[in-house]
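Going down the list, the protein sequences come from chains A and B.
Position 302 (the first sequence) corresponds to 334 in this note's numbering; numbering is contiguous.
Position 268 (the second sequence) corresponds to 300 in this note's numbering; numbering is contiguous.
There could be a bad hint or two in this list.
For chains that are exact copies, the list does not tell them apart, and a pair is met inside one copy or across any two.
[What the hints assert, rightly or not] Each computed EDC-like pair below joins lysine to aspartate or glutamate, with the alpha-carbon atoms no more than 20 Å apart: (1) K305 - E254; (2) K305 - E335; (3) K305 - D337; (4) K305 - D125; (5) K305 - E320; (6) K305 - E66; (7) K305 - E338; (8) K305 - D324; (9) K305 - D315.
Bear in mind the hints are in silico, worked out from the structure with no lab data behind them.
Quick caveat: nothing in here was measured; it's all calculated off a predicted structure.
2 protein chains.
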Amino acid sequence: MTEIATALPYARPVEWPDVDLVDTDVHITPRSIESLFPYLPARWRDYVRESGIESLESDLYPPGSPLSAIPGSRPAAGPPGSDPDLLRTQLLDPWHTRIAITHCIYGVDGIHNPDWAVAMARAVNDWQHAEWLAGEPRLRGSVVVASQDPERAAAEIDRIGDRPEFVQVLMPVRARAPLGSRSYWPIYEAAQRHGLAIGVYAGGAGGNPITPVGAPSYYLEEYVLVAQVFQAQLVSLVSEGVLVRFPDLRIVLVEGGFTWLPPLMWRFDKNWKGLRREVPWVDRLPSEIIRDSVRLTAQPLDEPDEPERLLEVIDRLGSDRMLMFSTDYPHRQFDDPARSAPIGLAGEAMTRFLGRNALDTYRLGE
Amino acid sequence: MTEIATALPYARPVEWPDVDLVDTDVHITPRSIESLFPYLPARWRDYVRESGIESLESDLYPPGSPLSAIPGSRPAAGPPGSDPDLLRTQLLDPWHTRIAITHCIYGVDGIHNPDWAVAMARAVNDWQHAEWLAGEPRLRGSVVVASQDPERAAAEIDRIGDRPEFVQVLMPVRARAPLGSRSYWPIYEAAQRHGLAIGVYAGGAGGNPITPVGAPSYYLEEYVLVAQVFQAQLVSLVSEGVLVRFPDLRIVLVEGGFTWLPPLMWRFDKNWKGLRREVPWVDRLPSEIIRDSVRLTAQPLDEPDEPERLLEVIDRLGSDRMLMFSTDYPHRQFDDPARSAPIGLAGEAMTRFLGRNALDTYRLGE
């Protein structure tokens, strides 16, 4: 197994600094929907069986497509990302990962029946805790909630949020409403109460088209424009005052890119200066609030042709605490270890990027 | 009048280079809706009178608000931007403007009745031609069309598109659909046929919320996020192949900012490399297509605190032909002549910015 692992294209480059590595974006998934049955009440087991539901996984990563996962990441049984042993031998061991933050949404956001969504979120949380997190000290998990029902989402956070194996609560970037909306505040309040971050992930089935002018024709457009959805959500979170009202909350934008952030902060700061009367709770520059509370996973990188320009962008962020290393394992987007860190990043900035920022963000201490 | 003009805060800074100045964003408007009556068929004059319609101007610039226009730009009768003499003495004369490109939408995009929209567009075009463009050789106008009815929009372009006083066709950024959509192609074909540019302006009543996750709560968010709508439209125009199919077309993005463009091009280029099979008509890098065909008016500037960073952004555009000077007269956004050009821009780049790029874009020759 070790031989296979080191032969994979995503093995850690040998010239990397020997620092604490924290991988902030690793995908895990149940082998099948039946894997969740031990954690699901009989009512919902029957419902799934009788409805003939085989999976709630997003079509964006169809498990049968050879393009959606890194070659070799598919276990003998189940989809890529469903085998803890393979994760160890392919990712954690060769990369010398100290901590990996796992994500499993399993389509909970797309369920319209709120009672079923609540039950599924709970099942996913109990499944990942029992079958992944409890047995592997290098993993930390993300709480899935049914944001369709914010009060019960908060109750789910209260149920498991103090377990040290969980470090954040996931919210979809393509939510049913802007993430700053007051309806979501009980979720943020609960996350803050338990010291959890909010991870905003690049998915969701909120129902709105991905552009402000209707649905585009091509997947290319969807892929490029998901960065705009992150920007809209960030503007909402700041404008509604979420990051001021919940000062201990950290927002992690997952897989949304980051090169767009400096120009957005310029525009936001300037317009806030002119319109701040409208949002008096935004008590300082939006860019300051963002630097204090927002973190971003780096993969996939929006690379300019000249790598040094990426370093300029990082400089323009105005903080070396914001970016966090991620592999996106086992998704195909992560296919080149030489590109897993901005070329030229070095010293303290590189150490922060590879691990320190994530340890701080997720309060993982020393 | 001259004294008043030079005392205004937007007089041309004395230290500016003495070059051909082209102002690409000047707003004109009818004194009242009755000003359009001579150009409107009896059926629609009656309709407006009987319906008690007083104006179709956007609420975004309520004429009564002291904040929506530069002080002193309000004539004795009518709203700011409705008096050709005041435009001359306040803008064209003190700034030594060689050419000013005028815009007048007058709410045509928001009319749901397509026959009325077509009639109003025609009236606005005939009104501006007779009362502004024909009498002032420094002005060039923009054709208004009812994009609700693309075939008749093309017919309107055919009717007046060869008049030298018109240089572009206006389309709203917040259109009813992505601007690359095939339904709009007759408009682009007609514009290309008559050598007109397409000006995409920061407005429109397409009906979709301004974010991909629903309506935000505050105007601040609308103001910041209109830049996202421009980005979505640019991605659509490139992905649908409009700029390849109509190679002579130039797209001018009006009042949408530009600091977001370099990171968007990085992301777009990278994703196109992976997904180009889906859009085979996009035959070269999106950034190359954008540099060839897209131009942007500069006002309002998304300024970073450090002005030299704006020069870096301009360098990252990869072309000194894309940005065009604009005042946004008489809107209040333009309130500081020292900020009407990126600080530090000099030499050929400044000459291009102040006029040469617009002369090329609008085919205004020497």
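Do the hints match the structure? See the list:
no.: 1; hint: K305 - E254; in the structure: between (32 Å within a copy, 15 Å between copies)
no.: 2; hint: K305 - E335; in the structure: between (31 Å within a copy, 12 Å between copies)
no.: 3; hint: K305 - D337; in the structure: between (35 Å within a copy, 12 Å between copies)
no.: 4; hint: K305 - D125; in the structure: neither (49 Å within a copy, 32 Å between copies)
no.: 5; hint: K305 - E320; in the structure: within (13 Å within a copy, 35 Å between copies)
no.: 6; hint: K305 - E66; in the structure: neither (54 Å within a copy, 38 Å between copies)
no.: 7; hint: K305 - E338; in the structure: between (34 Å within a copy, 16 Å between copies)
no.: 8; hint: K305 - D324; in the structure: within (19 Å within a copy, 35 Å between copies)
no.: 9; hint: K305 - D315; in the structure: within (11 Å within a copy, 43 Å between copies)
When held up to the earlier numbered hints, the structure conflicts with 4, 6 and fits the remainder.
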